[in-house]
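A.B. asks: Next come the chains, spelled out residue by residue.
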Amino acid sequence: MAGTLTGRLMESLLKLNNCTIRFGGLTAVSCFSMAIAKGELVGLIGPNGAGKTTVFNMVTGVYRPTEGEVLLAGERLNGLKPYAITGKGIARTFQNIRLFGSLTVFDNVRAAFNLHLKHGPIHALTRGKAFLNEEGAIEKRTLELLKIFNLERFRKAMCKSLPYGDQRRLEIVRALATEPKLLLLDEPAAGMTPTEKSNLMKLIEFVRETFDISVLLVEHDMRVVMGICHRIYVLDYGVQIAEGPPSEIRSDPRVIEAYLGEA
Amino acid sequence: MDKLIEVLQQLVNGVSLGSIYALIALGYTMVYGVLRFINFAHGDIYMLGAYSGFLLAPLFAHTFKFGEFDTFTPENTLFILSGAGLIMVLSMMICATIGVLIERIAYRPLRERPRLNVLITAIGVSLFLQNMTQYRLGADPKAFPQLIPVYVIEGLGNLTILTSQLAIIVATIILLIILRFVVMKTKIGLAMRALSFNPTACSIMGVNNDVVISFTFALGSALAAAAGILVSMDSPSINPLMGNLPGIKAFVAAVLGGIGNISGAALGGLIIGILETFVVAIGFPQWRDGIAFAVLIVILLFKPTGILGRVEREKV
Amino acid sequence: MSRSLLNLVFALVLCASISFFGENFIASNFAYYYDILISIGVNIILATSLNLVNGYTGQFSLGHAGFMAVGAYASASWSNHLDPIIFGIVNGSGNPVATNAAMFVSMLFAGAMAAIAGFAVGVPSLRLKGDYLAIVTLGFGEIIRVAILNLDFLGASRGLSVPGTYTNLFWTYGSVVLCIYVVLSLVHSTYGRGFLTVRDDEVAAEAMGINTTKYKVAAFVVAAFFAGVAGALYAHFKAFLTPEGFNFFRSVDVVVIVILGGMGSTIGVVFAAVLLTILPEALRGLAHTEFVPAAYQVLLENRLILYSLLLIILMLTRPQGLFGDGTAFKKWLGRSRAD
Ligand SMILES: Nc1ncnc2c1ncn2[C@@H]1O[C@H](COP(=O)(O)OP(=O)(O)OP(=O)(O)O)[C@@H](O)[C@H]1O
Ligand SMILES: [Mg+2]
Numbered sequence: 028m029a030g031t032l033t034g035r036l037m038e039s040l041l042k043l044n045n046c047t048i049r050f051g052g053l054t055a056v057s058c059f060s061m062a063i064a065k066g067e068l069v070g071l072i073g074p075n076g077a078g079k080t081t082v083f084n085m086v087t088g089v090y091r092p093t094e095g096e097v098l099l100a101g102e103r104l105n106g107l108k109p110y111a112i113t114g115k116g117i118a119r120t121f122q123n124i125r126l127f128g129s130l131t132v133f134d135n136v137r138a139a140f141n142l143h144l145k146h147g148p149i150h151a152l153t154r155g156k157a158f159l160n161e162e163g164a165i166e167k168r169t170l171e172l173l174k175i176f177n178l179e180r181f182r183k184a185m186c187k188s189l190p191y192g193d194q195r196r197l198e199i200v201r202a203l204a205t206e207p208k209l210l211l212l213d214e215p216a217a218g219m220t221p222t223e224k225s226n227l228m229k230l231i232e233f234v235r236e237t238f239d240i241s242v243l244l245v246e247h248d249m250r251v252v253m254g255i256c257h258r259i260y261v262l263d264y265g266v267q268i269a270e271g272p273p274s275e276i277r278s279d280p281r282v283i284e285a286y287l288g289e290a
Numbered sequence: 013m014d015k016l017i018e019v020l021q022q023l024v025n026g027v028s029l030g031s032i033y034a035l036i037a038l039g040y041t042m043v044y045g046v047l048r049f050i051n052f053a054h055g056d057i058y059m060l061g062a063y064s065g066f067l068l069a070p071l072f073a074h075t076f077k078f079g080e081f082d083t084f085t086p087e088n089t090l091f092i093l094s095g096a097g098l099i100m101v102l103s104m105m106i107c108a109t110i111g112v113l114i115e116r117i118a119y120r121p122l123r124e125r126p127r128l129n130v131l132i133t134a135i136g137v138s139l140f141l142q143n144m145t146q147y148r149l150g151a152d153p154k155a156f157p158q159l160i161p162v163y164v165i166e167g168l169g170n171l172t173i174l175t176s177q178l179a180i181i182v183a184t185i186i187l188l189i190i191l192r193f194v195v196m197k198t199k200i201g202l203a204m205r206a207l208s209f210n211p212t213a214c215s216i217m218g219v220n221n222d223v224v225i226s227f228t229f230a231l232g233s234a235l236a237a238a239a240g241i242l243v244s245m246d247s248p249s250i251n252p253l254m255g256n257l258p259g260i261k262a263f264v265a266a267v268l269g270g271i272g273n274i275s276g277a278a279l280g281g282l283i284i285g286i287l288e289t290f291v292v293a294i295g296f297p298q299w300r301d302g303i304a305f306a307v308l309i310v311i312l313l314f315k316p317t318g319i320l321g322r323v324e325r326e327k328v
Numbered sequence: 009m010s011r012s013l014l015n016l017v018f019a020l021v022l023c024a025s026i027s028f029f030g031e032n033f034i035a036s037n038f039a040y041y042y043d044i045l046i047s048i049g050v051n052i053i054l055a056t057s058l059n060l061v062n063g064y065t066g067q068f069s070l071g072h073a074g075f076m077a078v079g080a081y082a083s084a085s086w087s088n089h090l091d092p093i094i095f096g097i098v099n100g101s102g103n104p105v106a107t108n109a110a111m112f113v114s115m116l117f118a119g120a121m122a123a124i125a126g127f128a129v130g131v132p133s134l135r136l137k138g139d140y141l142a143i144v145t146l147g148f149g150e151i152i153r154v155a156i157l158n159l160d161f162l163g164a165s166r167g168l169s170v171p172g173t174y175t176n177l178f179w180t181y182g183s184v185v186l187c188i189y190v191v192l193s194l195v196h197s198t199y200g201r202g203f204l205t206v207r208d209d210e211v212a213a214e215a216m217g218i219n220t221t222k223y224k225v226a227a228f229v230v231a232a233f234f235a236g237v238a239g240a241l242y243a244h245f246k247a248f249l250t251p252e253g254f255n256f257f258r259s260v261d262v263v264v265i266v267i268l269g270g271m272g273s274t275i276g277v278v279f280a281a282v283l284l285t286i287l288p289e290a291l292r293g294l295a296h297t298e299f300v301p302a303a304y305q306v307l308l309e310n311r312l313i314l315y316s317l318l319l320i321i322l323m324l325t326r327p328q329g330l331f332g333d334g335t336a337f338k339k340w341l342g343r344s345r346a347d
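Protein chains in written order, with this note's numbering: chain H, 28 to 290; chain R, 13 to 328; chain X, 9 to 347.
Chain H on its own, in the form it takes in the complex (with noise of 0.2 angstroms):
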C-alpha cells in the first residue's frame, strides 16, 4: 500500500503545494495542495465560492498565488505567463464559456493549434508548399477533433449560434488542441440535461483513455463527479475539507455538512 502510494507521488504530473490567495482581505483559497497523477481523473467540488475555479486560475497563469507553488512533472509554474502554462501543457475550458466570438467553429478549433505551429508570418506570407502542408494537416486534425464531439457538421457556423451545450463541448475541442497533458475542465456539464451529462462524461472518459492524458474536473452533480472521478478533493471557503475516492467522499460527515449548509 505504501508502496504504490509513493509510487503514484512521484509519478505525479500536477502538484500544488500550499497554495494560498488573497484579494485584498479576502483568502479565496487558503494552503491547498492537490497530486494528480499521469492518466488519473480527479473531481474538484465544493459549494458556491468554494474556491474551485480560483485553483483553476492559479494552475493557468491567470492569477499569482500569494503563497504556495505549483509544479508541472516537477517545474515550477509560479510566474509563468498564461500562455507559456499552456505550452507545458495544461489546458483548460472556462465556467462561462469564452469562445472566441467572431469567429466560427473550425476556427475557433484551428487558432488553438498556434501553440505548435512550426510556420511563421513570414511563411504566411510566402505561402510555400511546406506551409501549405502544414495548414492541410491542421485542417485536418481539426475537423477529426470536431467529428469525436460530433460537430463537425457546424464547422462554418460561427460559434456564438451554437447551442448552449455543444459550446460547452466545442471549448473541449479546442482545449484538446494544444495537445495538453493535463485538461482542467470547470463545470463542463452546467446548463445540460441528465442524459447529455451523462454523455459528456462517456465522452470524458473516451478523451482521458485515447489522447492519454490527465483531467482535473469541476462539477456541481454530485452523482456525475462520484461517476468518473478516480479521486475527488472537497473545497469549502477555500480550504480543503476532504480527499479521497468517491466511495469515501460520499460517507465523509463534512462533506456532507459542506453540502447540507448550503441547500
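Keep in mind the hints are simulated off the structure, nothing from the lab. Among the clues, some could well be false.
Said to hold, decoys possible - Computed footprint of chain R on chain X, listed as stretches where at least three residues anywhere in the stretch have a Cβ under 8 angstroms from a Cβ of chain R:
1. 149-160
2. 234-247
3. 309-320
What the hints assert, rightly or not - The calculated DSS-like cross-link candidates involving lysine-lysine, where the alpha carbons are at most 30 angstroms apart (straight line), are:
4. H:K187 x X:K137
5. H:K208 x R:K327
6. X:K222 x H:K208
7. X:K137 x R:K327
8. H:K224 x R:K327
9. R:K327 x H:K115
10. H:K108 x R:K315
11. X:K222 x H:K108
12. H:K42 x R:K315
13. H:K183 x X:K222
14. X:K246 x R:K315
15. X:K222 x H:K156
Said to hold, decoys possible - Beyond 12 angstroms from chain X on every Cβ pair, some chain H residues (computed):
16. N45
17. R49
18. G106
19. F127
20. H143
21. G155
22. N177
23. H257
24. G271
25. S274
26. E275
27. I283
Beta carbons are placed, not taken as given, at the ideal position from N, Cα and C, and that holds for glycine.
Since chain H is already given, all that's left is putting chains R and X with the ligands on it; use the hints.
C.D. replies: Relative to chain H, chains R and X with the ligands alone:
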C-alpha cells in the same frame, strides 16, 4: 531669497493652472466612476463653457458694467463678483444641460455595447462639438469679455499674482467644497458612490441608475464649464479647439490621481499644473504639452491605478 | 511559387504597366483626378494597415498619422541627403532608373523607421486596453509631431521640402497591392487567427497558448511599416511637409475609414477609403454650385462635421461598419456572380 520667491511664484502659477485641470479632471473621473468609460468629448464641454460665457456676457454687460472697472474697490467688489458669478453659474447650467443631452442621445443607447463603440461615439461627439462651434461662430480666436478687472495684486513684494489667478484658485476651492458636500452628504451623491462601486447591486437596491448617470454628467459638465469661464478670465482668447489639450492633460491628471477617485482627480490636476509650470520655468517651454503625455505613459507603465486608485482585477 | 504569390506578382505587373503606359496621359489630361487617385492609394494603405491593429487585433490606435509622419520625414531626409550621393540625383531630377531606385530605397527606409517607431510605441502600450490605449497612442502621435516641430534638421515649423516628386501610380498602387496582400495573407493563416483571438478574448487566447503580447507588437509593427510607406508616398507627392499635415485629425481620418469599412474587413475598408477620399472632394465641389446657399457652403466643406456625424450614427445604428466583417459583402459578391 530671490530663488525662494521665484519658486513661490511658479508654485502660484502652477496651482492656478492646476486648478483648471483639476476642475476638468473631476468630470472625467466621475463619469469613469459610474460608467467605466472615458468621455472623450469632455474637453469640448470646457470649450463650450467658455463660449457660453462669451455669448452670455453681452446680454448682461450693461447691467453689470463688464469691462468698466479698472480695479476692485470695497464698494464695487460684490457687484463685480455677482456679475461674474452669474455668468459662470449660467454657463455651468447650459453646459450641464448639454452634457446630459449628449449622454442621453449618444451614450445611453450604447450602454450594453462594447466600450470601444462608446469611445468611438465620444470621439465623434468631440469632433462634432468642435466643428459645429467652428461653423457657427468661426474658427478664429475670439476675445473673451472682461468679467473682472485683471491686474497685479499690490502689496505682495516681488510676487506677481493676478486677480484672475486668485479668482481661479478661490473659485476652485469653493467648487470643490460644494462638490464634496454633494458627493458625501446628499442622497444622490451617495447613489453616485454606490453606482461606481457596484452597478448591478445598485439597481437591485432600487437606485435609478439613469438618473444618477445623468446627474453625474451634469455635475462634471458644470465643473468643466466653470473651468472654461475661469481660464478665459485669465487668458481672454478663446477658440473652438481650446478644449483639446487641456482636456487631455486633465485626463492625465485623472489617471495620475487614480481614475474614478474624486480627491485623486483634484490632486492630479494640481500636480500636472505645477509640473507643467516648472517645465516651462526651467527652460523647456516647447515641452510644456509633452510633459503630460510623458507623465501618462510613465504612470500607466508603473502604477496604472494612479496615486489614490484601487486595483480592479478582471474576474475569470 | 505558390498561387497567391503569383497573383501578387501579376497585380504588381499590372500596376507597373498601367503606370508605364497611362501615367503621363492621366497626369497631364486629368491632373485633378490624378491627385485624387494618389490620395486614394495613400488612404487605402493607411486604412488597411491600421485595420490590422484596430480591426483584426481589436486594439485601438489613434496615432496612425504619427507613423505616417515618421515615414514621410524619414524618406524626405533620406532623399535630401543621400540621393545625390548614392544615385547621383541633383535637385530631384535624374534618369528614370535612378529616380525609381531612389524612390524604392527611400520607401523602404521610411517603412523601417516607422516600424521601429511602431515597436517603440507598441511595447509600452501593450498593457493598456481600449480607451487607455487610444489616448496613449494619441499621445505618442502628438509627441512625434511636437518632436518634429522642435527638430531643426527636419525643418521644424517652417516645413521641409522634398526633392523630386517620384511618387507615381506604380509605387502608390504597388504598395496598395502589397499592403493588402500582407494583411490578408497574415490574417488568413493559422498563425494569423491569433490576431483575431486577441481581439475576441485575450484571456481565452492566452489560455490556448497564444502569446497575445507578441501578436499586438506584430500588428503595431506591420501597421506602422505601411503607414511609413504611405508617408513616403505622400512626401514624394506633395514635395513639401509640415508637421500640421500629420496632426490628430489626420489620424481621425484613417480611423473613420476603418470604422466605416467595418473593423476587420479589408475589402470594406478599401471601399471606405475610396469613398471617404472622394466624398469630401465631391462635397466641396457641390458646395460651390448654385444649389447650395452660401450659408451651408462651409458646412459641406468641413469634412470633420461629416465624419463626426458618421461616427455617431454608425455607432448607434451599425457599429460593425458598412460591411461588417466582410461576410455580407462576400455573399453579395458571390450572389451577383452566380446570377
Ligand atoms: N478576481 C477576484 N477578485 C476578488 N475576489 C475574487 C476574484 N476571483 C474570485 N474571487 C472570490 O473568490 C471566491 C472563490 O471564487 P471561485 O470563483 O473560485 O468559486 P467557485 O468555487 O468556482 O464557485 P462557483 O461554484 O460559483 O463557480 C469567491 O468569494 C469570489 O468572489
Ligand atoms: Mg467556479
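A.B. asks: Take the hints in turn and mark each one as holding or not.
C.D. replies: Now for the hints, and whether the structure bears them out:
no.: 1; hint: 149-160; result: holds (count 5)
no.: 2; hint: 234-247; result: violated (count 0)
no.: 3; hint: 309-320; result: holds (count 9)
no.: 4; hint: H:K187 x X:K137; result: 24 angstroms, holds
no.: 5; hint: H:K208 x R:K327; result: 26 angstroms, holds
no.: 6; hint: X:K222 x H:K208; result: 25 angstroms, holds
no.: 7; hint: X:K137 x R:K327; result: 16 angstroms, holds
no.: 8; hint: H:K224 x R:K327; result: 27 angstroms, holds
no.: 9; hint: R:K327 x H:K115; result: 24 angstroms, holds
no.: 10; hint: H:K108 x R:K315; result: 20 angstroms, holds
no.: 11; hint: X:K222 x H:K108; result: 13 angstroms, holds
no.: 12; hint: H:K42 x R:K315; result: 33 angstroms, violated
no.: 13; hint: H:K183 x X:K222; result: 28 angstroms, holds
no.: 14; hint: X:K246 x R:K315; result: 43 angstroms, violated
no.: 15; hint: X:K222 x H:K156; result: 25 angstroms, holds
no.: 16; hint: N45; result: 25 angstroms, holds
no.: 17; hint: R49; result: 21 angstroms, holds
no.: 18; hint: G106; result: 14 angstroms, holds
no.: 19; hint: F127; result: 4 angstroms, violated
no.: 20; hint: H143; result: 8 angstroms, violated
no.: 21; hint: G155; result: 6 angstroms, violated
no.: 22; hint: N177; result: 21 angstroms, holds
no.: 23; hint: H257; result: 25 angstroms, holds
no.: 24; hint: G271; result: 30 angstroms, holds
no.: 25; hint: S274; result: 34 angstroms, holds
no.: 26; hint: E275; result: 32 angstroms, holds
no.: 27; hint: I283; result: 34 angstroms, holds
In summary, the structure is inconsistent with hints 2, 12, 14, 19, 20 and 21 from the numbered list given earlier, while agreeing with the others.
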